[in-house]
Amino acid sequence: MNFTYLFVLIWLAYLICSGVLLFSRGFLLARVSKTETSSCRRLSLNPNDEYYLTPEVVNEIFKDVNASSSSNLCLPQKSKVIIIVVDALKYEFGLYNESITTEPLPYENKLLTLHQLLQQSPDNARLMRFKADPPTTTLQRLKGLTTGSLPTFIDIGSNFASPEINEDNIIDQIVKTDLPIVFLGDSTWTDLYPRRFKRAYSYPSFDIFDLDSVDNQVMQHLPKELASDDWEVLIAHFLGVDHCGHKHGPIHEEMARKLSEMNDIISSVVANMDNETTLLIMGDHGMTATGDHGGDTDDETNALLFAYSKQHKFYSSADSGSDSEMLQQIDLVPTLATILGAPIPYSNLGLVNFNIVPAVDVPHLNKFQTLLLHAWQNAQQIYRYFFSYAMENKRSFNVEQMESLETEFILLTHRVKSIYNEAAYKSFVRDLNVHLRDILNVCREIWVKFEPTQMSQGLLFSFLPIFFAFLLINNSNASDFEKIFKSKEVFYVYLMNIAAGVFGYRYFKNFSFKTEEHGVIFFTALTSAVLLAFYTLRHSNSIANNWANVKRFGHMPTRLLLFATMAVFFSNSFVVQEAKILSYLLAAVILLLVYELLQLSARLDFKNKFKWSQFWRSTALRLILASVLAICCIRFTYTLFRCREEQGDCADFSTSTPGFSVKRPSMGKTYILAVVIIVLYTTLTRLYLRSCGNLTGNSPNVVLARYGPTVASICAGGHILLANSAIKNIQRTHIDAMALVIYGLLLLQIIVVSWSPLMTFVLPPKNPNSISVNGRDSIVPEIFRKMKRMYEGDDAERRHEIPVVYGLATVYSSVIISFGIFLAMLMVVLLEPRASIGLIVCVVVGAIILSVHGILRYRTANSFESCVQPTFSAVVGWFLLAHFCFFATSHQTTLSQIDWRAAFVGRSSALGQSHLISGALVILNTFCGPIFFYCMYALLSTETFSLFALFPNLIRSSSNGRSNNKPDASTALNDIATEAVGFDMTRGELTLYEYENVFLGAGFKLATQFFMLQGIKIFCAMLACTIHCRHLMVWKIFAPRFIYEALATFVGLPALIVGYLLLLRINRAVDGLIKRINKDK
Amino acid sequence: MVSRFDQQKTKHQLFHVSISLATILICMTYMQYRRNWAHLGSFWDSLIVPIVFFGELLKVILARFFGRIEDGVLTVKQRQKKAAYFTPRELLGGLTLQFLCTLLYAFICIILGAPVLANYEQTFVLSLLMTLLTVSPTVFLLGGGGALQVCFCEKPDFITKCEDTALHLFKYNALGGILGAWAGSVVAPLDWGRDWQVYPIPNVIGALLGSALGNIYACTHVLYMCGRVYMSKKRS
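Residue numbers (full-length UniProt numbering), protein chains in the order written: chain A, 1 to 1081; chain B, 1 to 236.
Keep in mind that the hints were calculated from the coordinates and are not lab data.
Computed from a prediction, not measured in an experiment: that's the story for all the values here.
Just so it is clear, CB atoms sit at the ideal spot from N, CA and C, and this is done for glycine as well.
Hints should not be assumed to be uniformly reliable.
Said to hold, decoys possible - To spell it out: a stretch of chain A is covered by chain B in this simulated footprint if at least three of its residues, at any positions, have a beta carbon under 8 Å from a beta carbon of chain B; those stretches are:
#1 569-581
#2 584-598
#3 629-638
Build out the structure end to end from the sequences listed, making use of the hints.
Set out below in structure tokens:
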């Protein structure tokens, strides 16, 4: 077994992926988090403390507010704080609309307590819009809510692996100020802040179908904790509303129930809290009309904040000059610090909002003096952070802007010294707020800056391997690869790359790279480029020869199609409509294939006279009908596409109509249709395998292929029906068991394939003595030919008892196909029912492309090598299909429409809660198209052979015109075939084994062709991002598109490698089988 | 192949191409005159289809006109074919074929993404135009059966030289039209919000421009051939 090609593939995949990774590091730039922390002098009310608050101290402070002694101080704590985070509590949920009298929507008027409190004591309660910064996922929001800084774009990818926060944050500051915190709820908090809480009751936020268990646990512990008095801050995080949104959407009676539950909790907390406590109820983000979140629409960013204090009134906005309607989420951090008397975290950029700060008098200080001190502390902290950040990252800031900001701040520092009354304070604080918001906006702009070196190197390093692969591999013959890539040389290539990698890891600082990763990628890519160039130069002769043979304007239509596919990335409206564009292009590829076929065959089928009767019977018509069916299928998937916000009339984001739509409006019909289609798919594949003779005997893979798909389809169907049924009392474990069965079957299939993949059956000869085969010739064709004749009923042949092998003609493709069934079933169970229809439809389209191409390939081939190498149009068609499948399975390239549901299929208890598995399942769901079709790519070269072994008459019909003298019926088919393409086509895929070297080389070449196509695609995505990096829509359209394409590359290239590995494994097994038969003889 | 300006064939080709280009030019002028392109998709309100129809008819008449000269040297089969041109059977066959073709084009439009249950008229106009650009000229020239044979079989022996020239040029016209109509969709997804981005208009204009390009290509080809012959003659 020759692993050399495999290692070359892995090498190329690594090169392309590392280039993409480098680019993404430069493009999706992360903010440099600073690890400094703030500290302060706490002014205490206790006479024994060091900084006891006396009139003298106050005088000293106000003598020079800017002096270092007075710039770092914290006023005493104002009250205890209870924070209740209700995940995805949208602003609209808390509004009380009195005009609705009859039948409010499920989410309307449910939080009655808030309304009552606002009515009873308007000075003690505040209801505000709580504006989140995108991305609106819980982890990013919690980071923003606790550090007071802006989350950066790339953070969104790390939602599954919440790392501990090392930046300065409010939780650490509270703990350092000796204020104990008790936490109840979502375990994301304890992941972010391990060991910070005095007591933590944390429960995994893992299962989004589970609306109640976390909330129930929190509710169980909450009263007890409320009663105890050893905490100063209590945080409770409820998940039910968010999960309800994900599962049912906002318009569902479950939402009404959850919100009423929240209402009860709030009222009980209000009843039980003491007078020295401030209650803050907040949502971390909102939700779209379908209950999802993650993006940056108003629906998602508008959360709710409610503050209530029993005894102390809040500062009014007239006093403080703070915005009373809206609170930015980053403003919560300084506000909390103000209430609790803790220092404001170092990297905070928010402003204190006094609207929700209880007006507790500080001895010896006026009201305006208190406010001024707080505001000025905040301003100094922001100034300190911002300018130290700017000093460290000079290049990313605009010098003039920085200077004007600094001048303004110095003016303010002078002005602050001369504030002696409330009016002066108000005008001062207004200007101060404007100034600090300016700083915030500058930061917002800065943190979407890019790193041009990494971006350009990423572009270059992903382009070079593609370019050289094109030169070297695409322009060499499949039979020459053995000479080009010798195993020893590839071994040295790996050694040199590892050496370069180690060098880069060790000395990256000497070359002024920021990270080890960059160094490693830079040096390995450089070394590999040199090596590839060396390879190319060494074989330049044969490359030049082969290139000279290529037609100058060959494949022009296909090239244009490919160009159109790549051009999609460069226009935002094309990206928005990509689903339809891809289907249009895919239909064009199919039409092109049919056209090429018709051009070849139609004139052959009818010599001189066009006859309808002959037309009806011809293969051409059947192929046309099949392709029309394929295009109809593609057209049908239009109904499965998911729309996106930019398309206007999208139900997922219906902002024009007030209110929300019902989640998942698909009916029972869809589920039934999905089940029927799945069953049809497995049945048809089974029939196909049986007709190929691959379901005979009892080798392990045959047994698995005989019973596995049936079990899998039953389970998949059951899962679809039960998981979406309206019946409530089905246990989750029962539903999950079905998914687990499918996981298990795929695992079993992988084990079986690696152990004994073949799906053949060798009929033991009854009388071994009577075999008489010429020893000199290869035995294989003899066996097969005789077998065929025996089936045709030749008595003379029957007397010779020779080993009969079932399923030898499709020995390669059968294994790949049966592997595909299990893979498809896994994806079906992960996908939504609607989407699984899309997947199966794509499989149908794939099958039709395969059969049309098979016939086309045979008719255009003139040797084995050209026969095993698919035509360029078919390769492009397969590539387009893989990407089209992404859209056909109801996916869209936006960040808020990731189908997180897949992470929880079959995960209720059994499979653990590892984030790795969750991530893998979501990836499998999202990129099911690329993964599936890339794994199956080898079918493109094998299916030609199995097709002609199954329907040998095709050979006759397609050879009629090729040889000028019309062969009479008596000529054996294999002779016709030999005459046409130089080998015996009737033997099916056994031919592949005979030309083993060419076949494996062709498989390798095909894989690299897909590498190149995928590489060009991701290169275009990167280029588009580079060109459009100042485009208005870059974060909304281009960057998500790039992220999706990069992920598709990261999973697609390994999938291709898996496909090639499968081919190698089968080839080895066939080798063993043939040797065994020969020995038996 | 020797081709000179004063040859019958070259003259025929050049006249043919000029008629095609003139037709499209008239269409463009008409569109410019109407200003508002929204009517292009409607059957009764747009003159594009009739204009193209007359253009194609003119080309067929042109082919007949040039064919008159070689009347003397026709084979028996060619004579038979010519005699059967106006028989009801041929006429009916031709009409049926064109009708079927229109239906086929409409079906293709729908499976390529046109609305299924709306815009019947627009789809019909587009497919009618496509039929006129691709199938109709051949049918007008050879009748229904002849057209089928030309499409699906090896070159039938009843075709005169002149008809062959015309068929060759029809091919450019048809290919250009199909590709143009297909490529016209490129403007559909763009967010420019123009009223001419509505469904059939880009495809109709694309088909016209495409066939114009095809004709221009054919014209260049003919002129290039003539030029080469002229140059070589001059040199010798």
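Do the hints match the structure? See the list:
1. As drawn, the region 569-581 of chain A meets chain B at 8 residues by the rule of a beta-carbon pair under 8 Å; at three or more, the given contact holds.
2. Three residues within the 8 Å Cβ limit are the bar, and the region 584-598 of chain A against chain B gives 3, so the coverage statement holds.
3. Counting residues of the region 629-638 of chain A whose CB falls under 8 Å from any CB of chain B gives 5; the rule of at least 3 is met.
Of the hints listed earlier, there is not a single one the structure fails to meet.
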